[in-house]
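S.K.: Since the structure of chain A is provided, determine the placement of chains B, C and D on it from the hints.
There are 4 protein chains.
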Amino acid sequence: MIQTPVIIVNFKAYLESIGLSCLNIAKAAEVVYKDTGVQIVVAPPATEIFKVSSSVEIPVFAQHADPVEPGAHTGAVTVEMVKEAGAKGLLINHSEKRLILADIETLIKKARGNNLVSVLCTNTPAVTGAGAALSPDFLAIEPPELIGTGIPVSKAKPEVVLDSVNIVSRVNPQVKVVCGAGITTGEDVYAALKLGTVGVLLASGVVKAKDPKKVIQEMAEACLKFQEEQ
Amino acid sequence: MIQTPVIIVNFKAYLESIGLSCLNIAKAAEVVYKDTGVQIVVAPPATEIFKVSSSVEIPVFAQHADPVEPGAHTGAVTVEMVKEAGAKGLLINHSEKRLILADIETLIKKARGNNLVSVLCTNTPAVTGAGAALSPDFLAIEPPELIGTGIPVSKAKPEVVLDSVNIVSRVNPQVKVVCGAGITTGEDVYAALKLGTVGVLLASGVVKAKDPKKVIQEMAEACLKFQEEQ
Amino acid sequence: MIQTPVIIVNFKAYLESIGLSCLNIAKAAEVVYKDTGVQIVVAPPATEIFKVSSSVEIPVFAQHADPVEPGAHTGAVTVEMVKEAGAKGLLINHSEKRLILADIETLIKKARGNNLVSVLCTNTPAVTGAGAALSPDFLAIEPPELIGTGIPVSKAKPEVVLDSVNIVSRVNPQVKVVCGAGITTGEDVYAALKLGTVGVLLASGVVKAKDPKKVIQEMAEACLKFQEEQ
Amino acid sequence: MIQTPVIIVNFKAYLESIGLSCLNIAKAAEVVYKDTGVQIVVAPPATEIFKVSSSVEIPVFAQHADPVEPGAHTGAVTVEMVKEAGAKGLLINHSEKRLILADIETLIKKARGNNLVSVLCTNTPAVTGAGAALSPDFLAIEPPELIGTGIPVSKAKPEVVLDSVNIVSRVNPQVKVVCGAGITTGEDVYAALKLGTVGVLLASGVVKAKDPKKVIQEMAEACLKFQEEQ
Numbered sequence: 001m002i003q004t005p006v007i008i009v010n011f012k013a014y015l016e017s018i019g020l021s022c023l024n025i026a027k028a029a030e031v032v033y034k035d036t037g038v039q040i041v042v043a044p045p046a047t048e049i050f051k052v053s054s055s056v057e058i059p060v061f062a063q064h065a066d067p068v069e070p071g072a073h074t075g076a077v078t079v080e081m082v083k084e085a086g087a088k089g090l091l092i093n094h095s096e097k098r099l100i101l102a103d104i105e106t107l108i109k110k111a112r113g114n115n116l117v118s119v120l121c122t123n124t125p126a127v128t129g130a131g132a133a134l135s136p137d138f139l140a141i142e143p144p145e146l147i148g149t150g151i152p153v154s155k156a157k158p159e160v161v162l163d164s165v166n167i168v169s170r171v172n173p174q175v176k177v178v179c180g181a182g183i184t185t186g187e188d189v190y191a192a193l194k195l196g197t198v199g200v201l202l203a204s205g206v207v208k209a210k211d212p213k214k215v216i217q218e219m220a221e222a223c224l225k226f227q228e229e230q
Numbered sequence: 001m002i003q004t005p006v007i008i009v010n011f012k013a014y015l016e017s018i019g020l021s022c023l024n025i026a027k028a029a030e031v032v033y034k035d036t037g038v039q040i041v042v043a044p045p046a047t048e049i050f051k052v053s054s055s056v057e058i059p060v061f062a063q064h065a066d067p068v069e070p071g072a073h074t075g076a077v078t079v080e081m082v083k084e085a086g087a088k089g090l091l092i093n094h095s096e097k098r099l100i101l102a103d104i105e106t107l108i109k110k111a112r113g114n115n116l117v118s119v120l121c122t123n124t125p126a127v128t129g130a131g132a133a134l135s136p137d138f139l140a141i142e143p144p145e146l147i148g149t150g151i152p153v154s155k156a157k158p159e160v161v162l163d164s165v166n167i168v169s170r171v172n173p174q175v176k177v178v179c180g181a182g183i184t185t186g187e188d189v190y191a192a193l194k195l196g197t198v199g200v201l202l203a204s205g206v207v208k209a210k211d212p213k214k215v216i217q218e219m220a221e222a223c224l225k226f227q228e229e230q
Numbered sequence: 001m002i003q004t005p006v007i008i009v010n011f012k013a014y015l016e017s018i019g020l021s022c023l024n025i026a027k028a029a030e031v032v033y034k035d036t037g038v039q040i041v042v043a044p045p046a047t048e049i050f051k052v053s054s055s056v057e058i059p060v061f062a063q064h065a066d067p068v069e070p071g072a073h074t075g076a077v078t079v080e081m082v083k084e085a086g087a088k089g090l091l092i093n094h095s096e097k098r099l100i101l102a103d104i105e106t107l108i109k110k111a112r113g114n115n116l117v118s119v120l121c122t123n124t125p126a127v128t129g130a131g132a133a134l135s136p137d138f139l140a141i142e143p144p145e146l147i148g149t150g151i152p153v154s155k156a157k158p159e160v161v162l163d164s165v166n167i168v169s170r171v172n173p174q175v176k177v178v179c180g181a182g183i184t185t186g187e188d189v190y191a192a193l194k195l196g197t198v199g200v201l202l203a204s205g206v207v208k209a210k211d212p213k214k215v216i217q218e219m220a221e222a223c224l225k226f227q228e229e230q
Numbered sequence: 001m002i003q004t005p006v007i008i009v010n011f012k013a014y015l016e017s018i019g020l021s022c023l024n025i026a027k028a029a030e031v032v033y034k035d036t037g038v039q040i041v042v043a044p045p046a047t048e049i050f051k052v053s054s055s056v057e058i059p060v061f062a063q064h065a066d067p068v069e070p071g072a073h074t075g076a077v078t079v080e081m082v083k084e085a086g087a088k089g090l091l092i093n094h095s096e097k098r099l100i101l102a103d104i105e106t107l108i109k110k111a112r113g114n115n116l117v118s119v120l121c122t123n124t125p126a127v128t129g130a131g132a133a134l135s136p137d138f139l140a141i142e143p144p145e146l147i148g149t150g151i152p153v154s155k156a157k158p159e160v161v162l163d164s165v166n167i168v169s170r171v172n173p174q175v176k177v178v179c180g181a182g183i184t185t186g187e188d189v190y191a192a193l194k195l196g197t198v199g200v201l202l203a204s205g206v207v208k209a210k211d212p213k214k215v216i217q218e219m220a221e222a223c224l225k226f227q228e229e230q
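Residue numbers (our numbering), protein chains in the order written: chain A, 1 to 230; chain B, 1 to 230; chain C, 1 to 230; chain D, 1 to 230.
In isolation and in its complexed conformation, chain A is listed as follows (with noise of 0.2 Å):
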């Protein structure tokens, strides 16, 4: 299982997602998570999965599942052939592959179904209580208008992070709540565990920085500091 704080960091498409690139990213979150103890999650684009998930013991998340069954679905990516290429979880509806709501719930339970960690994507306070009803493991609140612009989410709308984690502990308390969204500093990471989340989804912060790991790093001990407080 995840454990909390957790940092998701998503590979996107980028052209620093591929190949030695994308590897050489993923174990530098997992040297991080081997130095400090904080749960560090990995996305890497599909065709990639596998190689990371073979190189690094921290878990591997698919950024996206395609919402059918194994069969005749020529260029589909299945919730069956990530785990098969050692995916531990799943992003379900980024703001870049959003899906029809009842897709979402077939997703959520296919990924449960398979013992992969869902986590959903939602835009708004009260998308994210209507995500919350179909009980994901986590959900990520992103703003849309904030993402990749490096403004974080959780300090120019607070109130968007905290509205959501009130009505997702109002709809469904089981669900975690993290936030996304312009995150690109360990400054960023604590207030967004501030405001009552578990974590953060972030992208271009860790994968376009020039030094990844000494932003994960950074991202890494906000964490410890906002543990130590508690």
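In case anyone wonders, no lab produced these hints; they're calculated from the structure. Please note that the accuracy of each hint is not assured.
Identical copies carry no separate label here, and so any pair may be met within one copy or between two of them.
Result set (SDA-like, lysine to any residue): computed pairs, CA atoms no more than 25 Å apart in a straight line [claimed, not checked]:
| no. | residue 1 | residue 2 |
| --- | --- | --- |
| 1 | Lys88 | Gly19 |
| 2 | Lys88 | Leu146 |
| 3 | Lys97 | Ala72 |
| 4 | Lys88 | Gln230 |
| 5 | Lys176 | Pro70 |
| 6 | Lys27 | Ile58 |
| 7 | Lys155 | Ala72 |
Every value quoted in this text rests on a predicted model; they were computed, and no experiment measured them.
M.R.: Then chains B, C and D, alone, in the frame of chain A:
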């Protein structure tokens, strides 16, 4: 506003749903409304909304609207368009026109901002619960596998309806629940009301009937019978 | 049938494209047609087709139709619907409503089977060549990057138009070519005709103009000027 | 480059298409290639491309790539990703993964720019003609209604194959044509070559076979027989 119990007739895209036949079904519904006082709503195709809303006094709903603002969207049917054409409400996320989760919230808000009644269609109790968190005016639970079969959800899968009614009363009790799929008789409507819904959403049961007026009449009488018994 | 040169006005989903404003633009186009004899086509939103086609004598086209047969397709706008509402033709695959390749063939055939004129929109000369093989009545080449800019394709990218005209004459010379994107003046229309097209497809240049009638008039006069010179 | 005749095995998303079973089918294909010299291509799921391409010497194709550039596209499978994983080519627009027309051109160009072989799938002769104008390396004509049936297109609808071969030779003779749908025996492959194609695209006929190697072997021998007769 929409009184309950309510019978919502979705015209879909049948050949019978355009031109003179469309108008005749809408007028038959109006006659039954005037005879019985039971609320009946008709949802003709987008191209027929203006003609129908200009011809009958019962509320006309749109079957769908695209989740976009007015602008450069060739081929879109917007909330503003269906309102201008005379619609008083909107089906959202019908199983034949599924929407991504974030767009469902957008449409419910847009409907409210334009004084249109929103009817969010869902497929399972869990999805109904999710939908309730988005605060539509109505939720319409329809197991897709029963749509168009003539096997009424209210009799074949009463637990789906009951669970939906229960989850909505827990998540957001202000939202009213109707059910659909396989509804073809007054008896089906009566069973739906008995399960705690406030009405039905149906299509082929009326639109493809030999005598649509007779079917609507029978359904309206089932509503009256249910009301008398309360 | 549609005479050439032709000016096709796509109303898109602007606020100006519904209700009284929609009707006024259509009537302005009709006046210019009656004054000049130049063929003008109006393509209002689906909800307005009936009203416009009942009010003006110039041809009304639909902006889009879904590639399905009549049946259980909630929210669909079918070829049969737009024909019933009075449409004489159909835009297909506009850059704001792209279709999969197989559906484009389906729609062109359905348009022909229903005696509707088909206008297939394309974005590059190669795609125009592909489109020509599907035998629509018209091809409308519109570089998406110029749509809505006021920078006319006929002047900014004449080679795109010329290459499109040439490839069509090679693959399927019976198909007529119009061009669009950025067309706002009579001069732009004249330039389009000079490049070998038989007309233009435009939207905001007319619909968002302060005086739509004046713009259409100027464009019609450019057509007359071009014809006199031949 | 890809020699002809060619047998392209699309693994789709079957349970047999992942893990050990995936690798076994790919290795069986490699053995047949080494025995007969007949070109065989395998197209495993995205998650398996790296493993397969690292394990066999025959060309590995991707079943699909998303028409986007590297960047912030969570869940996308890009041309760059499948190339990095070892793919030498790409199926485009399979009937189970249809694409919009403009994106097909984009992908064919991206494949060429990345030195990947492009195989554009089409459903009718007219669409094949349209596809030819976009200059893929191969066109694969597959009537969707025969896919997975075991009724071979090369025998059930020879005219569809012949018309496709003819239209391609007229529109763009440099494009090679293969056919698919219902191909399960060497006889089907032989019939396909007799109709003027350079090979076949097939899936369940091999992947779901009790003995995939035996089927591939039989198909390769049919190719040799055809070649000897020329």
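S.K.: Each hint needs a verdict: does it hold in this structure or not?
M.R.: Now for the hints, and whether the structure bears them out:
no. : hint             : in the structure
1   : Lys88 <-> Gly19  : both (21 Å within a copy, 16 Å between copies)
2   : Lys88 <-> Leu146 : neither (28 Å within a copy, 35 Å between copies)
3   : Lys97 <-> Ala72  : both (22 Å within a copy, 11 Å between copies)
4   : Lys88 <-> Gln230 : neither (29 Å within a copy, 53 Å between copies)
5   : Lys176 <-> Pro70 : neither (29 Å within a copy, 31 Å between copies)
6   : Lys27 <-> Ile58  : within (9 Å within a copy, 31 Å between copies)
7   : Lys155 <-> Ala72 : between (46 Å within a copy, 22 Å between copies)
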